[in-house]
Amino acid sequence: MTLATLSLTQLRQKLLAREISPADIVRDLAARRDAVDPAIGAYLRFDADRALADALHADISLPLGGIPVALKDNINTTGDLCTCASRFLANFRSPYDATVTRKLRAAGAILLGRCNMDEFAMGSSTENSALQPTRNPWDTQRVPGGSSGGSAAAVAADTAIVSLGSDTGGSIRQPAAFCGVVGLKPTYGRVSRYGLVAFASSLDQIGPFAGSVEDAALLLHAIAGPDPMENTSRPIPVPDYTAALTGHVEGLRVGIPKEYFVEGLDPEVASAVRAAIDWFANHGARVTEVSLPHTPAATAVYYIIATAEASANLARFDGVRYGHRAPDAKDPLDLYRRSRAQGFGPEVKRRIILGTYVLSSGYYDAYYNRAQKVRQLIRRDFTTAFESCDIILAPTTPTPAFRAGEKTADPLQMYLADIFTIAANLAGVPALSLPCGFSSCGLPIGLQIIGPHFAEETLFRAAHAYEQAHPWKDRKPAL
Amino acid sequence: MSASTLDVAYVADLARIDLAPDEKALFQKQLADVLGYVNQLQKVDISSVPDTPIDPHLPTNVLRLDEIRPGLPTADALANAPAQANSLITAPKIVE
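Order-wise, the sequence lines are chains A and B. At position 89 of the first sequence (counting the first as 1) the number is 88 in numbering that gives the first Met the number 0, and the numbers step up by one without a gap. At position 44 of the second sequence (counting the first as 1) the number is 43 in numbering that gives the first Met the number 0, and the numbers step up by one without a gap.
Rather than coming from a laboratory, the hints here were simulated on the basis of the structure. From the three backbone atoms N, C-alpha and C, an ideal C-beta is built for every residue, glycine too. Wrong hints could be hidden among the right ones.
[As the list claims (entries may be wrong)] Below, a list of computed lysine-lysine pairs in the DSSO-like style, where the Cα atoms sit at most 27 Å apart:
no., chain 1, residue 1, chain 2, residue 2
1, A, LYS13, A, LYS472
2, A, LYS329, B, LYS28
3, A, LYS406, A, LYS329
4, A, LYS13, A, LYS475
5, B, LYS42, A, LYS329
6, B, LYS28, B, LYS42
7, A, LYS406, B, LYS23
8, A, LYS102, A, LYS257
9, B, LYS92, A, LYS406
10, B, LYS92, A, LYS372
11, B, LYS92, A, LYS257
[To be verified] To give a feel for the contact side, a few chain B residues facing chain A, derived at Cβ under 8 Å:
no., residue
12, LYS28
13, VAL33
14, LEU40
15, VAL48
16, ILE67
17, PRO69
18, ALA84
19, LEU87
[To be verified] Away from chain A, derived, C-beta distances all over 10 Å, residues of chain B:
no., residue
20, ASN60
21, ASP65
22, ALA76
23, ASN79
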């Protein structure tokens with residue numbers, strides 16, 4: 000019996016009962032990782048020796064005491080590599096801890112290893128990693144989703160108990176759906192991004208991956224809250240999320256947005272999500288149709304705003320202060336141009352170029368300013384919808400996990416993999432994905448629950464009640 | 000707004016990225032496709048949206064107290080520098 004397949008909650012109970020030690024958990028995860036990760040590639044680095052040393056000093060009286068946590072490789076941890084799966088940062092070592100890292104340490108967690116991702120979090124399949132591929136534990140011919148594909152695949156393959164990812168347009172929820180785990184993008188401002196390598200600062204948010212809703216709630220509790228180092232973090236108290244896990248949805252007002260049930264939605268995904276909606280209706284929730292009329296514009300808005308912000312954020316990678324430097328540059332401009340040419344992969348270059356273009360003189364109003372205004376309309380859609388409902392239910396993705404290589408030649412098709420997740424980032428609202436069934440070929444399907452700003456408790460309540468009645472999480476990939 | 004107005008070579012130069020000829024040709028086509036897609040925004044009616052958004056959930060400016068706190072030690076700040084001398088980062092010279 001391995002501890003690697005147990006939940007955070009179960010492991011905490013065993014730790015507190017002194018049935019097991021933190022080192023036992025680390026050893027079992029290391030053995031599991033050695034056995035299955037060569038076929039998955041979720042981890043870029045896994046330091047079992049250090050985790051074992053840390054396990055010996057773990058204080059199990061703390062909320063996450065003795066629990067190993069895996070991190071996406073864009074979250075800084077003092078002295079460790081933080082590559083963003085980019086050649087540009089292949090040798091970069093973090094000079095300081097991200098706030099989430101500091102909070103995890105303070106909560107007693109053990110830092111376990113670093114998960115693969117699309118380079119600089121730009122992608123929907125983890126195929127844009129410059130370092131290695133990651134495959135879906137349910138079918139290794141398929142992608143795990145992205146950009147936090149490693150963090151999702153590690154939890155799905157039981158090589159991590161829980162992990163952190165980041166979500167700019169769906170990069171937690173889409174891989175959570177593809178890998179059959181729970182993933183939450185918190186409200187913009189709920190979790191500090193200090194020490195997260197910035198991609199699109201008006202959209203980025205760090206959030207948890209877990210095997211169950213309760214575990215995700217415990218992990219969010221540990222990392223959430225205001226931070227003097229991050230001026231978009233909001234001074235709103237962090238509630239005890241587990242207190243919201245009542246197991247019932249009676250009286251909950253559930254909105255179904257008709258714009259999410261459109262052509263292109265896989266019939267098996269549609270029927271799994273419809274069945275989940277029926278369950279809510281049959282268990283005391285009041286289900287009504289709502290409209291988010293600007294949904295079809297969300298992907299276009301996103302690829303203007305996110306690339307514009309990326310072009311500014313990634314200007315810091317110039318070969319001067321850290322990261323890759325092209326040898327023998329004859330002047331500063333030559334240094335910038337060649338360092339960036341050599342250090343960035345194709346998707347990063349494409350997005351920087353697109354972002355530079357939409358901000359450039361003569362095109363700013365037509366693209367960037369217009370996208371910002373449509374973004375306001377998308378935010379308004381949610382504000383209006385949440386006047387008549389407490390949560391919105393929708394599919395997380397239009398299809399289950401696609402095959403490796405299927406979309407790599409056509410960036411636009413890859414971008415359209417995110418059509419259902421992007422709007423929550425543009426509006427800043429929290430959204431969670433949890434398993435709601437399997438396709439006929441055994442691939443997980445994700446149900447997305449979207450709530451108003453800072454309504455994470457309501458999302459957890461609804462997701463947990465559904466999960467209690469539908470133990471999809473007990474089904475495990477054959478590895 | 001026509002997608003053909005994106006000159007990849009020109010914009011890559013603005014973005015300080017050297018592109019190989021085959022990359023230029025590939026990105027020109029791929030980004031034309033993406034711009035063709037995002038041009039759907041030209042059809043959205045934005046007449047009701049004010050220039051400055053009014054939204055209680057947007058972040059407001061927050062300032063820390065202006066007090067002295069420990070900073071990053073010089074050695075740590077320079078640890079990732081590709082080249083350094085005398086506690087400074089070295090780089091190609093800018094002026095002749």
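Here is how each hint holds up against the structure:
1. The hinted pair formed by A/LYS13 and A/LYS472 meets the criterion: a straight-line CA distance of about 20 Å does not exceed 27 Å.
2. Annotation: proposed proximity of A/LYS329 to B/LYS28 is violated, straight-line Cα distance about 32 Å (limit 27 Å).
3. Proximity of A/LYS406 to A/LYS329 is assessed by CA-CA distance (about 39 Å); at most 27 Å being required, the pair is judged violated.
4. For the hint pairing A/LYS13 with A/LYS475, the CA-to-CA distance comes to about 22 Å; that is within 27 Å, so the pair holds.
5. Restraint check: the Cα-Cα separation between B/LYS42 and A/LYS329 comes to about 47 Å, which exceeds 27 Å; the hinted pair is violated.
6. Distance check on the hinted pair: B/LYS28 and B/LYS42 sit about 23 Å apart at the alpha-carbon level, within 27 Å; holds.
7. Restraint check for A/LYS406 and B/LYS23: the C-alpha separation of about 20 Å stays at or below 27 Å, so the hint holds.
8. Using a Cα cut-off of 27 Å, the hinted pair A/LYS102 and A/LYS257 is violated, with the two alpha carbons roughly 40 Å apart.
9. Restraint check: the Cα-Cα separation between B/LYS92 and A/LYS406 comes to about 43 Å, which exceeds 27 Å; the hinted pair is violated.
10. For a cut-off of 27 Å, the pair hint linking B/LYS92 to A/LYS372 is broken: about 43 Å separates their Cα positions.
11. Among the hinted pairs, B/LYS92 with A/LYS257 is inconsistent with the structure: their alpha-carbon atoms are about 59 Å apart, more than 27 Å.
12. With a least beta-carbon distance of about 10 Å to chain A, the hint placing B/LYS28 at the interface is violated under the 8 Å criterion.
13. A cut of 8 Å between beta carbons decides the hint on B/VAL33: the least distance to chain A is about 5 Å, and the hint holds.
14. At its closest, the beta carbon of B/LEU40 sits 5 Å from a beta carbon of chain A; the interface hint therefore holds under the 8 Å criterion.
15. The interface hint given for B/VAL48 is met, as the beta carbon of that residue sits about 4 Å from the closest beta carbon of chain A, less than 8 Å.
16. With a cut of 8 Å, the hint placing B/ILE67 at the interface with chain A is violated, because the nearest CB-to-CB distance is about 14 Å.
17. For B/PRO69, the interface hint is violated, since its Cβ never comes within 8 Å of a Cβ in chain A; the closest pair sits about 11 Å apart.
18. For B/ALA84, the suggested interface contact is broken, since its CB lies about 14 Å from the closest CB of chain A, more than 8 Å.
19. With a least beta-carbon distance of about 11 Å to chain A, the hint placing B/LEU87 at the interface is violated under the 8 Å criterion.
20. A beta-carbon of chain A is positioned within 10 Å of the beta-carbon of B/ASN60; the least distance is around 7 Å.
21. Chain A leaves B/ASP65 outside its interface by the beta-carbon criterion, the shortest separation being 12 Å against a cut-off of 10 Å.
22. Not every beta carbon of chain A lies more than 10 Å from that of B/ALA76, the smallest distance being close to 7 Å; the non-interface claim is violated.
23. Consistency note on B/ASN79: stated as away from chain A, yet its beta-carbon is not over 10 Å from all of that chain's, at 4 Å minimum.
Taken one by one, the earlier hints fail for this structure at numbers 2, 3, 5, 8, 9, 10, 11, 12, 16, 17, 18, 19, 20, 22 and 23, listed in ascending order.
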